[in-house]
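Position chains B, C, D, E, F, G and H with the ligands relative to chain A; hints supplied.
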Amino acid sequence: MDKIHEIVFAGFGGQGILSMGKILAYAGLEEGYEVCWLPSYGPEMRGGTANCSVIISSRKILSPISTKYDCGILLNQPSMDKFESKIKSCGICIYEKAEIIKVTEREDINILGLSAFEEAQKMEVKQVANMIVLGALINNINIVKIESVLKALEDVLPARHHHLIPLNKKALLKGMELAEKEFIH
Amino acid sequence: MDKIHEIVFAGFGGQGILSMGKILAYAGLEEGYEVCWLPSYGPEMRGGTANCSVIISSRKILSPISTKYDCGILLNQPSMDKFESKIKSCGICIYEKAEIIKVTEREDINILGLSAFEEAQKMEVKQVANMIVLGALINNINIVKIESVLKALEDVLPARHHHLIPLNKKALLKGMELAEKEFIH
Amino acid sequence: MIRGTIKVDTEICKGCELCITACPQKSLGLSNNINSHGFKYVELIQDNCTGCINCALVCPDSAITVYRQSKNSIKQNKKVTV
Amino acid sequence: MIRGTIKVDTEICKGCELCITACPQKSLGLSNNINSHGFKYVELIQDNCTGCINCALVCPDSAITVYRQSKNSIKQNKKVTV
Amino acid sequence: MINKCEIEDLELVYEKPKTLTDTPMHYCPGCGHGVINKLIMEVIDELKIQDKTVGVAPVGCAVFEYRYMDIDMIEAPHGRASAVATGVKRVNPDKYVFSYQGDGDLAAIGTSETIHTVNRGENILMLFINNAIYGMTGGQMAPTTLIGQKTSTSPFGRSVKNNGFPLNITELISKLDGAFYVTRHSVHKPNSVRKLKKAIQKSFEYQKENKGTCFIEVISNCPAGWGMTPLKSNEWLEENLIPKYPLGDIKVPTKN
Amino acid sequence: MINKCEIEDLELVYEKPKTLTDTPMHYCPGCGHGVINKLIMEVIDELKIQDKTVGVAPVGCAVFEYRYMDIDMIEAPHGRASAVATGVKRVNPDKYVFSYQGDGDLAAIGTSETIHTVNRGENILMLFINNAIYGMTGGQMAPTTLIGQKTSTSPFGRSVKNNGFPLNITELISKLDGAFYVTRHSVHKPNSVRKLKKAIQKSFEYQKENKGTCFIEVISNCPAGWGMTPLKSNEWLEENLIPKYPLGDIKVPTKN
Amino acid sequence: MNMKYDNNVKLMKGNEALAEAAIRAEIDGYFGYPITPQSEILEYLSKNFNEEDGVVLQAESEIAAINMVYGAAGSGKRVMTSTSSPGMSLMLEGISYITAAQLPCLLVNVSRGGPGLGTIQPSQADYFQSTKGGGHGDYRLIVLAPNSVQEMADFVFDAIYLAEKYRNPALILSDGTLGQMMEKVRLPEKGSLPKSIPEWAAKGKIKNKERNIIYTSAVDPTVMENLNKELQNKYALLQQEVRYELSQIEDAEILIVAFGLSARICSKAQEMANDNGLSVGLLRPITLYPFPSDTIYKLAQKVQAILVVELSAGQMVEDVKLVVNGSCPVFFHGRMGGEVPTPDEIFFELKKITDKQAVKN
Amino acid sequence: MNMKYDNNVKLMKGNEALAEAAIRAEIDGYFGYPITPQSEILEYLSKNFNEEDGVVLQAESEIAAINMVYGAAGSGKRVMTSTSSPGMSLMLEGISYITAAQLPCLLVNVSRGGPGLGTIQPSQADYFQSTKGGGHGDYRLIVLAPNSVQEMADFVFDAIYLAEKYRNPALILSDGTLGQMMEKVRLPEKGSLPKSIPEWAAKGKIKNKERNIIYTSAVDPTVMENLNKELQNKYALLQQEVRYELSQIEDAEILIVAFGLSARICSKAQEMANDNGLSVGLLRPITLYPFPSDTIYKLAQKVQAILVVELSAGQMVEDVKLVVNGSCPVFFHGRMGGEVPTPDEIFFELKKITDKQAVKN
Ligand SMILES: Cc1ncc(C[n+]2csc(CCOP(=O)(O)OP(=O)(O)O)c2C)c(N)n1
Ligand SMILES: Cc1ncc(C[n+]2csc(CCOP(=O)(O)OP(=O)(O)O)c2C)c(N)n1
Ligand code: SF4
Ligand code: SF4
Ligand code: SF4
Ligand code: SF4
Ligand code: SF4
Ligand code: SF4
Ligand SMILES: [Mg+2]
Ligand SMILES: [Mg+2]
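Chains as they are written, first to last, in our numbering: chain A, 1 to 185; chain B, 1 to 185; chain C, 1 to 82; chain D, 1 to 82; chain E, 1 to 256; chain F, 1 to 256; chain G, 1 to 361; chain H, 1 to 361.
These aren't lab readings, by the way, just hints derived from the structure by calculation.
Just to be clear, a hint being listed does not mean it is correct.
To be verified - What the simulated footprint calls covered on chain H by chain F, stretch by stretch (three residues with Cβ under 8 Å from a Cβ of chain F suffice, anywhere in the stretch; the number is not a length):
#1 18 to 32
#2 43 to 57
#3 92 to 99
#4 212 to 226
#5 246 to 253
#6 272 to 284
Unchecked claim - For lysine to aspartate or glutamate, the following DMTMM-like pairs were computed, each having C-alpha atoms within a straight-line distance of at most 25 Å:
#7 E/198 to E/46
#8 E/175 to F/249
#9 F/208 to H/53
#10 E/161 to F/15
Stated by the list, open to error - Computed from the model, here is a short list of chain H residues facing chain G with C-beta under 8 Å:
#11 2
#12 3
#13 118
#14 132
#15 135
#16 139
#17 191
#18 194
#19 312
#20 322
#21 325
#22 329
#23 337
Values in this document were obtained by computation on a predicted structure and should not be read as measured data.
Quick reminder that beta carbons are idealized off the backbone N, C-alpha and C, glycines included.
Extracted from the complex, chain A is given alone in its bound form (with noise of 0.2 Å):
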């Protein structure tokens, strides 16, 4: 059957949201999928918040514009305000429960709340935190496999960054373990 995943990520601008999106969307290249990843741009990003939208599909993808998601990363309060709607019935949302305090209220989705800037400071560097929610995501949906992330990894970081890779697959697998632990209400 035609697999078609549709992602929103968002949150603050420092949150390296861009980039999750980005490692996503290579992972999907990785492993043949058609893949696309649209970004919001310009001076809305100057103050605050960003978000991108990913887009992994089995077969050609025809908008790149999503409307509706399966599942949605979203990393603080006025991006859970902004897109909580826009999560298909049964799909997922994911959120960082350090910042937002008003979690959607639906209940034809699968909310998974996780404190990855905790963990990510427990790791001491906060920097992996959104590779902590990328590994929570790829666990809860099933469409690539953390080797490809890694590999992703490789394409998306710069060179002289590539001796982070370790870091980082310990972060993906620190989400991976704590989506399996966290409560799916």
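Coordinates of chains B, C, D, E, F, G and H with the ligands only, in the frame set by chain A:
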């Protein structure tokens, strides 16, 4: 009956071509006709030749652009070459003898050669040569009265030159006189 | 010494730290909390503000309001509690 | 004195008289004739041209060509008829 | 946290000017635009000319400054603020008019308008915010970008060979007869902020007296475009930009 | 009439350059454009660079100079000759490139291109023909028109109040680092013609050596636009224009 | 508008009549840059506009001029500019802004042969640019096409009136011949077009009122879409202002559609044709935008064929075909680059069409 | 053209893919000025174009950029520029000159919501400007509308090929979304598009040959008319290069016509519709000029109705109506100012049309 006269004035830049046409147009206005004065304009005037056309009509003027003329006032050779063929059959061609070597060979039009410059020099004011030509013209076509032309001069000449009107009148009359005398072949 | 104090609009502050550097008294520091835009904001960390307004002058977001012990109270040598 | 002469392309000359003013010898003047463009053109009016090229330099229409007695003939003191 | 204070006998000595709206600014943290926006409004507040002032907003990071300035404003096309301001002033000679432009706006695409506005001595205040980069569009090279400075369109550093030397447009326009008062400031220190405010005050007073063009360059930072923290950006500004664009008056009215 | 001479032993000492075509020029009698057109061609002739030169013609009275110059040429939109020349030179660094512009072209609509071409130090020769008027369009005011000078758009004389002071753009661009050689000439006297020719020669030589922008202003007349005879126009030029725009070098290469 | 006319009949160039009309329409400012064949407008105003009445400024370029207009119009004043084709191209960014900001002002294009530097002779090849928005984005200008010196003067008033009524720039699309030729003209009098500073103008914030901001941008595309909807609604309303002139359309078998100068030439051809037993009507769109679609559509149901004549490769003909929508054949005759057709030439086209239609019938 | 492709599949932004393709198409120069959403093109080239291969120059403005292109193209080199809507408006005078001078070059408009400063979101409201000549005079651009990152790359080659074949500038009309999004792309290889310095180029006069002059003006309008005729003949020839994409048009009852990004969105709506028992075909014009008139005309004879979808107030729809010429009803759905329709929205429009047609039949 409707009266429509289409006249072209053409010659060197310095010969007062455009103002000759303007004066005639004003004279037409004076007598209540519809009039239209259309100059050639722009860089083509730089090097040398200038021309303008005047339409005087007892009813609304349709096209302001004439393609055939009742009368051509042609004051140099290039103008003769350019416009001789555009004079209507039975029309009039008035030219300056001092300038034109090769006169039109058409036999279906009335041709009047003038020595306006010579006459003007006799009057010791070179600038009135065009008034002599104009005099010859109004003598030959029955459109406007000399009084209207004199009135027109007031409109066209800046106030500071109004003292020249008597002189211009003299030139006009001289032109009319010449036109009487000169042979129209 | 003249005593002063400041108020920071914590929702407006973007945590740029320019005021911190501008303060001659080193009275300011970044909070550990973040506001709803995701920014850590500034707060008084010492009780030695003179109300010199330097911090407010350089604040790009006009997040700081500055107060100073009134001339009256200086004259009267009134105690001011902050 | 070096002898020279000029040729004017009378069809090209516009009778601006700049060359006349530029000529230190006052060798040039305006003809009474006009060319086919309606311009009076320039001509030599005196037999004292030195071939200094001043007139040609200032001519906007490059209407003037200048010749000068060859060094040879000066040396040999040959007579030159103009 | 010593942030709350409810003590008597405290006088308010500084607050944001009333002519500045409560809309949060969209500028990046630590960006100089915010300070400059505020200073203009402080002066307008103090001179009580809110009802007589028309501001012309740029295209650049300050494109939305009309949200913050509680005065009538016109948003100009990129580079044309001084022409727009000329239009306003010529048919409203009794109004105070200022334009506000970045270095891309005023010194690249708008060079012609800049030179001719000053040359005609239009009786307006031109504010020129030089942050040596195109902030708005994401950090491209500006005419004022320094040699060697890396930007997104000079990734290996600006080179003289390809892009020429940084353009000191303020020096240039100061040579024009229409320029009445030309001065260069910054906002990276409390004292520089104070000085800039004075310059703005003076400029509006000169405008009242129909003196001609007042031109204030402000050397400003762009933490986002330069890829630095706000603090680091101010250091870089002091060490690199100010030596190339020295602060101070460039042309002052001769007394008579 | 002493015009014909068929004597032996006469050497040809001056004739129109071979790179000038036989097409009669459309300029008004006595107009300086003709002399300048000719001089450029003389230099190109003498330097034997006809096959390596691309000229950029203006919009202005010299718009048809491509008819007279027997070299490859490009007619530029009004004001953009230096940008067009930049385009040619950048992709053909081995070619000689010059632009030719009037005061309306270079100092009004093309101000921005002028400043930035020079600022980048484009390795071209820019010729600037300043006749203090728009000749082509029938005698309107130019940025260089003198105070009090009457033109069709300043019928009561140019006023400072409305139009500002005459713009000395050559001084302005001479301040730019990219300007290598900046000089001002005229063609109203034989000797001034000689000097201009030397300046053009030098400029092409500098261009060969990749020195940067050479900029030559030529103070020229416009008998038609000024409403004067050619002779009178040259007098007026000497008495009025040259004092305001003094002849001579403005920036010369420092020897090293 | 309550037009009063001078009793004097004058002989004036189209450009001068337009300039004098602008003075009488009490403009506050003119900003422009010289270009043939319209420089007389700036020249006339430089000479005849009193300093007390307003400002005449020769800008350093067309771009500066249109942006001065933008600023001055934004402050609520009645202002204008004029140019010719290449200059118009340079103004298009500014015009797109002015339209987006919904500012009234008067634009004049005395157009000439293109493309490129072209010629200075008359042309109508800027029709697309004028009517469909040469600049970026979905905007429209109100476009009036005069065909006489009288209309060069009159339409200044009409254009300003419509511009102010709809808060949209209005363009007088003329050409080199109409600008340069002299005809009789009776000029409207001052006071025919009352003016006041509009509420929305940026001219100093009024106490206790919202400030006025003239702007054209939005971060959120929804806001921009709403502005666009407002514009589109306005353009729909504008359709009621459509104007055209009909001549001899009763029983016409062929309908000529032509505007401006070409309509003048066509009227001569029409006369020739009717004298020769053809029956030819003429519709002259006076407003090119809004376009007289309904009338053309109705006439298309009655006539055998339509001939569109333009000084271009064929631009308005597309709008005619669009409304005719196949109801009758639409033919085209055009001249380009500054050339102008003769009445004979058009008469010949008419005859060709009659012959063709005869064969068909 | 003999396209060879890289074996590598990459993930790239549309803007970057276009820039990389330009390098591989062996351009000699790029001249441009930053503007969102296309600044990545200049940025990518600044980083990745070797100095030996050509020049990348950030101009001081769009006007300078287009005139640098004019000069460089006039000297026979392969050059390009890119911009977005407001910048495009500023380039129009230059473009009119380039077209009149018959110079090949590549133009790119990654367009955004207008009018005015507008938004930076995708738009197709520059269709008129692109296809009917936004600048003055009768000229046309060759216009290609990509709808994927792959086509952003491919069309660089196609556009340059056509531009050089016809000596006419070619425009890639893209939009903010296509420029910003990343998709898989296989890049053409260097050498796919051979180049040589053309005969007519102004690059130094060759001995014993006529000099080459690049110019666009004439004193005599006859000369200008002849140039125009040459241009019109060329445009007639150009019709053979028309390109479009058809999907599911057999038995289609409704035909959607849409280009670029909106065609992508429509294809989703088409899928939804066909899944729901409607029978909807899609025609995507790839060349907007020349326009696929014949094919649309033929299809119009077969389908019940046509729906045109654009990111504008309705521009291409005029060209569709022009060719349909009344054969079937033409409906329109558009979004403006940077807004984009959803597939649901279009599906809804399709249903409305089916219902209407059902009532009629
Ligand atoms: C005609 C046009 N060209 C380009 C742009 C894109 N643009 C917007 S702002 C800007 C430059 C911003 O730099 P600057 O003026 O220095 O202001 P800053 O953001 O640095 O304050 C550019 C190129 C535009 N909006 N319009
Ligand atoms: C965009 C544009 N604007 C205006 C013009 C009209 N125009 C042609 S030449 C010119 C100015 C001529 O003056 P200048 O550059 O001083 O040259 P001159 O004729 O005096 O030698 C103008 C305004 C034009 N062709 N194009
Ligand atoms: S007012 Fe002065 S002392 Fe007090 S916090 Fe601000 S800078 Fe420091
Ligand atoms: S300067 Fe202002 S915004 Fe920056 S940290 Fe201080 S209070 Fe916050
Ligand atoms: S060459 Fe010298 S001397 Fe002879 S005519 Fe010319 S200027 Fe006079
Ligand atoms: S300078 Fe040349 S054009 Fe002028 S009068 Fe002398 S020869 Fe004739
Ligand atoms: S991009 Fe630069 S100039 Fe713009 S708001 Fe951010 S820091 Fe300020
Ligand atoms: S108008 Fe002036 S500049 Fe032009 S050719 Fe005539 S004299 Fe020379
Ligand atoms: Mg900047
Ligand atoms: Mg000039």
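Each hint tested on the structure:
no.	hint	in the structure
1	18 to 32	holds (count 3)
2	43 to 57	holds (count 3)
3	92 to 99	holds (count 3)
4	212 to 226	holds (count 7)
5	246 to 253	violated (count 0)
6	272 to 284	violated (count 0)
7	E/198 to E/46	holds (12 Å)
8	E/175 to F/249	holds (19 Å)
9	F/208 to H/53	holds (22 Å)
10	E/161 to F/15	violated (41 Å)
11	2	violated (33 Å)
12	3	violated (32 Å)
13	118	holds (6 Å)
14	132	holds (4 Å)
15	135	holds (4 Å)
16	139	holds (4 Å)
17	191	violated (34 Å)
18	194	violated (29 Å)
19	312	holds (5 Å)
20	322	holds (6 Å)
21	325	holds (4 Å)
22	329	violated (11 Å)
23	337	holds (3 Å)
Hint violations for this structure: numbers 5, 6, 10, 11, 12, 17, 18 and 22, all remaining hints satisfied.
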